[in-house]
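Enquirer: Single-letter residue listing:
2 protein chains.
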Amino acid sequence: MNNELHQKVLTWLKTAGNSLLASLESDLEVEEKTSASDLVTRMDKEVEAYFFREIKAAYPNHQVIGEEGITEEVKSTQGTLWIIDPIDGTLNYVKQHRCFAIMLGLYHDGQPIAGYIYDVAQGEIYHAWVGQGVYINGQALTPLPINSLSESLIIGNLVSFMTNWSNSQAVFEKALGLRYYGCSAYGIMAVIRGEAGLYLSRELKPWDFAAGLAIMTAMGYPVSRPDGRSLNILEASPVIFAHPNIYQEALQLMN
Amino acid sequence: MNNELHQKVLTWLKTAGNSLLASLESDLEVEEKTSASDLVTRMDKEVEAYFFREIKAAYPNHQVIGEEGITEEVKSTQGTLWIIDPIDGTLNYVKQHRCFAIMLGLYHDGQPIAGYIYDVAQGEIYHAWVGQGVYINGQALTPLPINSLSESLIIGNLVSFMTNWSNSQAVFEKALGLRYYGCSAYGIMAVIRGEAGLYLSRELKPWDFAAGLAIMTAMGYPVSRPDGRSLNILEASPVIFAHPNIYQEALQLMN
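In order, the protein sequences belong to chains S and L.
Heads up: take any position in the first sequence, counting from 1, add 79, and you land on our numbering.
Heads up: take any position in the second sequence, counting from 1, add 79, and you land on our numbering.
Incorrect hints may have been included.
Since the list gives no way to pick out one identical chain from another, each pair is judged satisfied if it fits inside one copy or across any two copies.
Stated by the list, open to error - Below, simulated DSS-like cross-link-like pairs (lysine-lysine); rule was C-alpha separation at most 30 Å, straight line: (1) K253 - K87; (2) K253 - K284; (3) K253 - K124; (4) K112 - K253; (5) K87 - K135; (6) K124 - K284; (7) K135 - K112; (8) K253 - K154; (9) K135 - K253; (10) K284 - K135; (11) K93 - K253; (12) K93 - K135.
I should point out that these hints are in silico values taken from the structure, not numbers from a laboratory.
This one's a predicted model, so the numbers in the text were calculated from it and none came from an experiment.
With the sequences and hints as input, model every part of the structure.
Expert: Okay, structure coming up:
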């Protein structure tokens, strides 16, 4: 772990988190992107611009991409790359004032180095550096046990199951129950803590999965497309995050 | 508000909550009831027995019913009646170690008097006495604004929508998005806070809805069957908890 960089990230996360909490006291200035449920707020843009500015000031040679596209165009994964989601779960941020997160993935030559997920309303920062375990607010995390799909909760959205996307109904029928939080970070954190055996999504953008892919890699947990292929960190993709004890079982049902 | 009774309830809730938190450190001793996802633990029974004992010691003439049936058989709603859910969301308690609650409804001659919901892992007690507003940990709650179904999140389980129970697909399609937490108390609390416009369930038992019905009555929020009929507090029923600004809109879609 690069401790200087780690301390900088913690400072940036807390500063950005405080500005998000403060923003909940005022008008959120919401704009629709592709539909009424696909929102962007002034704060999505401000937080992304803040990280971009701080990273570039500290590490001018690093590349940065983020959800709101106010960073830079990145065509190669060579060197060090930061992937940022300034607010994951913007609809929850606007409507619930909780269940949203800031996510940061750090990659070198395309390989995950570190991931950070900040559950702002809960005041919990999850982080992991590959090779060094996973922590919540600096305390080592001990996940709850997961043994089999039939003994596990799973996380995914309604339309995936209604349309039987990638045979997901078979996964739903075998699992103990379904939960849905409307926030990728919440699905990923539930798998990390062992509260759910898997989280699946029909399409995640790089900023939706980069932090989770890095943290789960550090834990030795599989993350892939439902057909088992690995993710390209510059491309949108369907994704399954799973506990190692149920990954193969889920993949067999989905293929 | 009967302040002596209120203080007793707070003491009982905290004592029971502490024993639930402590239980998460040990083996939960789970039994299946009707299926693998319908569980009861030693703690469901212990917490219910604890409330029953304390209530009967303090108020020998009050009647008490609870989920685990270790209370008493109640055939009439005359006099004062306590309705207890010792752990709402037992599956979450077992699998997630969070997203569960203790719920207490207090009724007199069949009319709601007070409701308590204790989100144990979050350390938050919601309470309301009819005529006196709603509080979280003693602080008056200001709900987030809810204007229309199309601008609201809703809460309900996957199978309700997959099977189009009571035309629920029309509600889903009009709403901004769906969330599902696997715990009635979490659905009710989300409507109370204004994070969701409605919570619907195909069947709730009296202990699943009694506290929420009392709190929402205190707030002036409607709670009914999807056909608009009111609930019988001694009978299981389909239930819709809704913000007043979207209740009629939802009911029209469901009938």
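Enquirer: Now look at each hint and say whether the structure bears it out.
Expert: Cross-check of the supplied hints:
1. Proximity of K253 to K87 under the C-alpha cut-off of 30 Å is found in neither arrangement, the shortest distances being 44 Å within a copy and 44 Å between copies.
2. Taking the shortest Cα distances, K253 and K284 sit within 30 Å of each other both inside one copy (28 Å) and across copies (26 Å).
3. When the C-alpha separation of K253 and K124 is checked against a cutoff of 30 Å, the pair qualifies only between copies, where the shortest distance is 28 Å, while the shortest distance within a copy is 41 Å.
4. Taking the closest pair of Cα atoms, K112 and K253 come within 30 Å of each other only across two copies (18 Å); inside a single copy the shortest separation is 36 Å, beyond that limit.
5. In the homo-oligomer, the alpha carbons of K87 and K135 lie at most 30 Å apart inside one protomer (12 Å), although the nearest pairing across protomers, at 57 Å, exceeds that limit.
6. For a Cα distance limit of 30 Å, the shortest separation of K124 from K284 inside one copy, 17 Å, qualifies, whereas the shortest one across copies, 46 Å, does not.
7. For a Cα distance limit of 30 Å, the shortest separation of K135 from K112 inside one copy, 27 Å, qualifies, whereas the shortest one across copies, 57 Å, does not.
8. When the C-alpha separation of K253 and K154 is checked against a cutoff of 30 Å, the pair qualifies neither within a copy, at 41 Å, nor between copies, at 39 Å.
9. In this assembly of identical chains, K135 and K253 lie within 30 Å of each other by CA distance neither inside one copy nor across copies; the values are 47 Å within and 43 Å between.
10. Taking CA atoms no more than 30 Å apart as the test, K284 paired with K135 passes inside one copy only; the shortest distance there is 22 Å, against 57 Å between copies.
11. In this assembly of identical chains, the alpha carbons of K93 and K253 never lie at most 30 Å apart, being 40 Å within a copy and 37 Å across copies at closest.
12. Within a single copy, K93 and K135 get their C-alpha atoms as close as 18 Å, which meets the 30 Å cut-off; across copies the closest is 49 Å, which misses it.
In this structure, the hints that do not hold are numbers 1, 8, 9 and 11, in rising order.
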